[in-house]
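**Q** Each chain, written out:
4 protein chains.
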Amino acid sequence: MNTFGDKWSFTSFGESHGKAIGGVLDGVPAGLRIDLEMIRGELLRRKGVTGDGLPVTGVSPRAVREPDEVEWLSGVIEIKNYELGITNERVSELVTLGTPIAFIIRNKDARPEDYEWLKYTYRVGHADKVYEQKYGLRDWRGGGRASARETAARVVAGCIAKQELQAKGIAIEARLVQVGAETDETKFAETIAAYQREGDSIGGIIECRIQGLPAGVGEPIFNKLQAELAFAVMSINACKGFEYGTGFGGVTESGSAINGISGGIAGGISDGTEVMFRCVFKPTPSTPKAGVKGRHDACVATRAVPVVEAMTALTLVNLLNC
Amino acid sequence: MNTFGDKWSFTSFGESHGKAIGGVLDGVPAGLRIDLEMIRGELLRRKGVTGDGLPVTGVSPRAVREPDEVEWLSGVIEIKNYELGITNERVSELVTLGTPIAFIIRNKDARPEDYEWLKYTYRVGHADKVYEQKYGLRDWRGGGRASARETAARVVAGCIAKQELQAKGIAIEARLVQVGAETDETKFAETIAAYQREGDSIGGIIECRIQGLPAGVGEPIFNKLQAELAFAVMSINACKGFEYGTGFGGVTESGSAINGISGGIAGGISDGTEVMFRCVFKPTPSTPKAGVKGRHDACVATRAVPVVEAMTALTLVNLLNC
Amino acid sequence: MNTFGDKWSFTSFGESHGKAIGGVLDGVPAGLRIDLEMIRGELLRRKGVTGDGLPVTGVSPRAVREPDEVEWLSGVIEIKNYELGITNERVSELVTLGTPIAFIIRNKDARPEDYEWLKYTYRVGHADKVYEQKYGLRDWRGGGRASARETAARVVAGCIAKQELQAKGIAIEARLVQVGAETDETKFAETIAAYQREGDSIGGIIECRIQGLPAGVGEPIFNKLQAELAFAVMSINACKGFEYGTGFGGVTESGSAINGISGGIAGGISDGTEVMFRCVFKPTPSTPKAGVKGRHDACVATRAVPVVEAMTALTLVNLLNC
Amino acid sequence: MNTFGDKWSFTSFGESHGKAIGGVLDGVPAGLRIDLEMIRGELLRRKGVTGDGLPVTGVSPRAVREPDEVEWLSGVIEIKNYELGITNERVSELVTLGTPIAFIIRNKDARPEDYEWLKYTYRVGHADKVYEQKYGLRDWRGGGRASARETAARVVAGCIAKQELQAKGIAIEARLVQVGAETDETKFAETIAAYQREGDSIGGIIECRIQGLPAGVGEPIFNKLQAELAFAVMSINACKGFEYGTGFGGVTESGSAINGISGGIAGGISDGTEVMFRCVFKPTPSTPKAGVKGRHDACVATRAVPVVEAMTALTLVNLLNC
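Top line first, the protein sequences correspond to chains A, B, C and D. With the working numbering applied, the first sequence closes on residue 322, and no number is skipped along the way. With the working numbering applied, the second sequence closes on residue 644, and no number is skipped along the way. With the working numbering applied, the third sequence closes on residue 966, and no number is skipped along the way. With the working numbering applied, the fourth sequence closes on residue 1288, and no number is skipped along the way.
Hints are computed from structural coordinates only; laboratory data are not their basis. Treat the hints with care, since some could be wrong.
[Said to hold, decoys possible] With a cut-off of at most 30 Å between alpha-carbon atoms, the simulated BS3-like pairs for lysine-lysine come out as follows:
1) Lys490/B to Lys663/C
2) Lys651/C to Lys7/A
3) Lys7/A to Lys973/D
4) Lys451/B to Lys168/A
5) Lys329/B to Lys973/D
6) Lys1134/D to Lys773/C
7) Lys773/C to Lys129/A
8) Lys1259/D to Lys812/C
9) Lys973/D to Lys651/C
10) Lys108/A to Lys663/C
11) Lys985/D to Lys430/B
12) Lys611/B to Lys451/B
13) Lys329/B to Lys985/D
14) Lys490/B to Lys812/C
15) Lys1259/D to Lys168/A
16) Lys985/D to Lys451/B
17) Lys168/A to Lys773/C
18) Lys329/B to Lys773/C
19) Lys651/C to Lys19/A
20) Lys773/C to Lys1074/D
21) Lys973/D to Lys1095/D
22) Lys1095/D to Lys490/B
23) Lys1259/D to Lys341/B
24) Lys1074/D to Lys430/B
25) Lys129/A to Lys329/B
26) Lys1153/D to Lys985/D
[Unchecked claim] Computed beta-carbon distance windows for the label pairs:
27) Glu715/C to Arg40/A: 20 to 26 Å
28) Glu1044/D to Glu274/A: 37 to 43 Å
29) Thr595/B to Gly249/A: 54 to 60 Å
Note that the structure is a prediction, hence the values are computed from the model and not measured. Even glycine gets a Cβ: it sits at the ideal position worked out from N, Cα and C.
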């Protein structure tokens, strides 16, 4: 239900306005050094904050205020550098123990009173109503589990997966390739700013490329590589579609024309070439223009980029351990 | 690996040119009557055969020769109608026992010698090479597990799932909505025939609608309804993309414009309205025009329609039992 | 790996001398009120502390010093009594949200320096050496994951399961029925004290009875009720055997003599009568008499009683949700 | 439900008096040669038939009549010896393809009329009644799924697992060590014959030893090696208890006395020494003396020996692939 993967098994927990969000990542081999700098960087990227600590265009100012500090509860041990035979300025490092890695990010900005009005209201285009239908009650404070804040835990777990992949020579890179009708990357900020000024929002398409994946990853029948990637990516809030290789656009091409274009996958199994897929994110529906108060992003696709990478990384470490 | 779902757990087995293909469907409640007529009809639909026993446009003549007869090995008992309190012309009926339902479809048309040349050859655009990379050896006879014939087992299991859904008032209907650039259904046969004449093939888009699904189906984080459907559908051979609700086309719409369009799902959970998704199938790459001998379909999307329904049905019975 | 159950899925984490131990319990329905008093009581029972806060005979004094305070991180909401329509002295209550319940117990008594000598030593009869063989490195501080402290998280999760079972009229009761050769309950403290005086330890047998379990729980082939219970109980540290119904003692009885004795289970499925099983706990091998310094219990079986109940409760909620 | 293991995943199907019993074994690597002679031998051993084709003492004559012939449906390919570079008298051999291995054993001796009287009767000590309580209906023909015949499929799958283990230098050997109160192996046949003459039955204890298991197998918390073995063995019909190492008998020993006796497992993980466990099988309760007509075994423990080995083998291949 709240667990992804069975080899590197990631369990996510936490309400956006409860005490903390967090996760447990089980199945990570012992002896992996955790790159805390990479994690800090990816969490900033997810928040839509630049290296200078400023929000990128279209991102809600709330992002800047949340520190996103990771507290490591288990599964790691601080090992002094001299024990590792490394000589540098840092005193110690976190190394995995092979036991479940639990971590939390406390919710410092929790102001439930901002959301008190939501207690008896359902926001259109949000999950408020279906949650109440499913569970009988809900944590009305800021969306609870449905909040995009939950993706911070995915990013932390995804970073650990990425480090394992890097060690195997596998690199994942996602980037925004379309905002509204705009496909020129240099004009994305401008396009987003225009929607923001009108109290509105706009969708985007993210393209993700996987380099260095060996041939043979994926299972031939149900657990095809493309099915696993689609599952992972479609589980991200606001994602409305997934395609790979020739995708939807390829419908107008003949078999003889597309012969040889694999998207890096044949019969559900990686073929050793670059894997490429694309996914689309809808604009947030709760905007001032739609009559919904509160903080919102003008283009959630911007902040989804590192989440797409994280889910891709978690998918791959699970398939590689098969 | 070859199992789909954990409540209604379906395991598929069989090579296209081995003794038989088949499946085991575990988790089906006891007392469900199996509609053998529906299964026969859906298997014909999957083969691309009309009610008159003739292939529909673009379907390889091989389809007509394969009888696709289901042999039920376990999990069902013939119950005489008088025991069930039913009076009609049929003498007996198959009723599920609550134990695993195993069935096979023998491969009557197995002619491995047709494929002997493949033993030392990899077909471009097929899984031949990656299978050998993954497993070290492969069943070269007609694609082995990668053959589309495997989907017949999915259709049988999907029919049993559909019957359970029907009893709950849930209906699934998929149909071809685009062939190449053509979106006028009355012109699909013509379009396909044109590609067939040139020894080529063409892709298609299938749209699937789910009626009667109650609110509350799907899990909020990873096992979102859309993620489960994407996983199921992307596991079908030749499927290159999945989208729901506003999909890829919605990228150019503003948040205020799409507000209220849910595609039947909010926050990963069904909202009680019609669920609609679309998926795209690429044309088969092994065509005479591409220099590949052998039997092929001019538009595999035609035959994928009942498979999309079957995988959707299997997804839903698994989520409804949660 | 560190997860038990797939319906009420419990993930345990934490090293005994790290920051915290804890768990995530996923799959608990929304609206269950958590009985914090019961949890406090069961944690004391697990520590071997009486109602007066004193250790019971044979329990290491370390137990008294550890406060075992549960911090609830997610999955619950404080609901004021007037919202629940209850009028009593307590101001508020924890109610489950249907989302993953994460909790931690901080390790207040962590004194790694006590265990520094273990860094380069393997204790006989402990898991120190196999951990290093399995993982390449280990958390040498007090046994890490192998510590019995991990069972505190099981007890917390088990209490929530017990409350669900109570609401269904199902009661679990385990008790010590043998210590060494002694089967007279009134002499257990005396027997344990005798071993303690000699710096030694002794084993014990626990009997567990389940009342009110409806007929039909358990699966007929692999997931038989007795197999699931054996799995759960044998996963507790120091447990060396499990038996139910006629057990090992029944080997000398004829079929006609035992006819009718079911132990509450037939063909792997509960038959609606009381279920009874027994399990044996070996004495801790690291005692002063065996030349091992440090704190130890003279009879670990004493403290295992609530853990047996907790694992039984977790087993049953998982099977009942099938 | 009817599946064991997640790496080498074995699904069992079939009613004892339906068309066939069988199984699907998924996850077996490609290129393993299947030793059909070993499978034939183990199936005979399970039936209680000697090399001369005669039933061993106490075994029902029905056993001799059932041919237990395995039909391989998928997952294997016949490879001619010259392709394998082997020169001997046999023409070909079965080699695994890495795809699911499906096999069936047809029920040739099906005589449902023998059991017609059971349609409206529940046998005491059998699962007849609980099945009907659980499923609402049941296959009354000879116990259906609850029949011991189902274990033939486990033996076939277990043989394939054993071959993989042999290749890794791991050997499993189970044997009967006690029948009733008798522990002298030379007197077992005599003891069983005495019960048989009286139309009665008697229980037995089986001891199983695993040689060559490397250190590190098993998981430290829930999936301890002993918990997995207990689960596997307790899933065999008529098994009433499991113990390892010092077992139940060790309850009277002090910690200092048993220090060093591990039973091959420490902290849930194999320690590289021989693993030893024991399990007890109750006598069948449906005997002429208890007033139950029909065919029965005087000591089911005799025939359980290869089933214990099979379940042990399936457990180990699953844990070794972790």
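**Q** Take the hints in turn and mark each one as holding or not.
**A** Going down the list of hints, with the structure as the test:
Of the pairs offered as hints, the one joining lysine 490/B and lysine 663/C is violated, with about 50 Å between alpha carbons and a cut-off of 30 Å exceeded. Annotation: proposed proximity of lysine 651/C to lysine 7/A holds, straight-line Cα distance about 19 Å (limit 30 Å). Distance restraint check for lysine 7/A and lysine 973/D: the Cα-Cα separation of roughly 11 Å lies within the 30 Å cut-off, and the hinted pair is therefore satisfied. Restraint check for lysine 451/B and lysine 168/A: the C-alpha separation of about 23 Å stays at or below 30 Å, so the hint holds.
A distance of roughly 19 Å separates the Cα atoms of lysine 329/B and lysine 973/D; the hinted pair therefore holds under the 30 Å criterion. For the suggested pair lysine 1134/D and lysine 773/C, the alpha carbons sit about 23 Å apart, so the restraint of at most 30 Å is met. As the CA atoms of lysine 773/C and lysine 129/A are separated by approximately 53 Å, the hinted pair breaks the 30 Å bound. A hinted pair counts as satisfied when its Cα atoms are at most 30 Å apart, and lysine 1259/D with lysine 812/C does not qualify at roughly 39 Å.
With a CA separation close to 20 Å, the supplied pair lysine 973/D and lysine 651/C stays within the 30 Å bound. Our distance criterion of 30 Å between C-alpha atoms is met by lysine 108/A and lysine 663/C, whose separation comes to about 20 Å. Distance check on the hinted pair: lysine 985/D and lysine 430/B sit about 20 Å apart at the alpha-carbon level, within 30 Å; holds. At most 30 Å may separate the alpha-carbon atoms for a hinted pair to count; lysine 611/B and lysine 451/B meet this at roughly 21 Å.
Distance restraint check for lysine 329/B and lysine 985/D: the Cα-Cα separation of roughly 25 Å lies within the 30 Å cut-off, and the hinted pair is therefore satisfied. Between lysine 490/B and lysine 812/C, the direct Cα distance comes to roughly 27 Å. Compliance with the 30 Å bound is thereby established for this hinted pair. For a cut-off of 30 Å, the pair hint linking lysine 1259/D to lysine 168/A is broken: about 65 Å separates their Cα positions. With a C-alpha separation of about 38 Å, the suggested pairing of lysine 985/D with lysine 451/B is violated against the 30 Å cut-off.
Distance hint between lysine 168/A and lysine 773/C is fulfilled; the C-alpha atoms sit about 29 Å from each other, no more than 30 Å. With a C-alpha separation of about 40 Å, the suggested pair lysine 329/B and lysine 773/C falls outside the 30 Å cut-off, and the hint is violated. Of the pairs offered as hints, the one joining lysine 651/C and lysine 19/A holds, with about 25 Å between alpha carbons and a cut-off of 30 Å not exceeded. Pair hint lysine 773/C plus lysine 1074/D does not hold up; C-alpha atoms about 53 Å apart against a cutoff of 30 Å.
With a CA separation close to 34 Å, the supplied pair lysine 973/D and lysine 1095/D exceeds the 30 Å bound. Distance restraint check for lysine 1095/D and lysine 490/B: the Cα-Cα separation of roughly 29 Å lies within the 30 Å cut-off, and the hinted pair is therefore satisfied. Proximity of lysine 1259/D to lysine 341/B is assessed by CA-CA distance (about 40 Å); at most 30 Å being required, the pair is judged violated. Proposed proximity of lysine 1074/D and lysine 430/B is supported: the alpha carbons are some 24 Å apart, at most 30 Å.
Taking the CA atoms of lysine 129/A and lysine 329/B, the gap is about 27 Å. The hint holds against a cut of 30 Å. Between lysine 1153/D and lysine 985/D, the direct Cα distance comes to roughly 39 Å. Violation of the 30 Å bound is thereby established for this hinted pair. Hint check: glutamate 715/C to arginine 40/A, Cβ distance near 25 Å, so the stated range 20 to 26 Å holds. Between glutamate 1044/D and glutamate 274/A the CB atoms are about 38 Å apart, so this pair conforms to the stated range of 37 to 43 Å.
About 29 Å separates the C-beta atoms of threonine 595/B and glycine 249/A, a value inconsistent with the hinted range of 54 to 60 Å.
Hint compliance for this structure: hints 1, 7, 8, 15, 16, 18, 20, 21, 23, 26, 29 are not met, and every other hint is.
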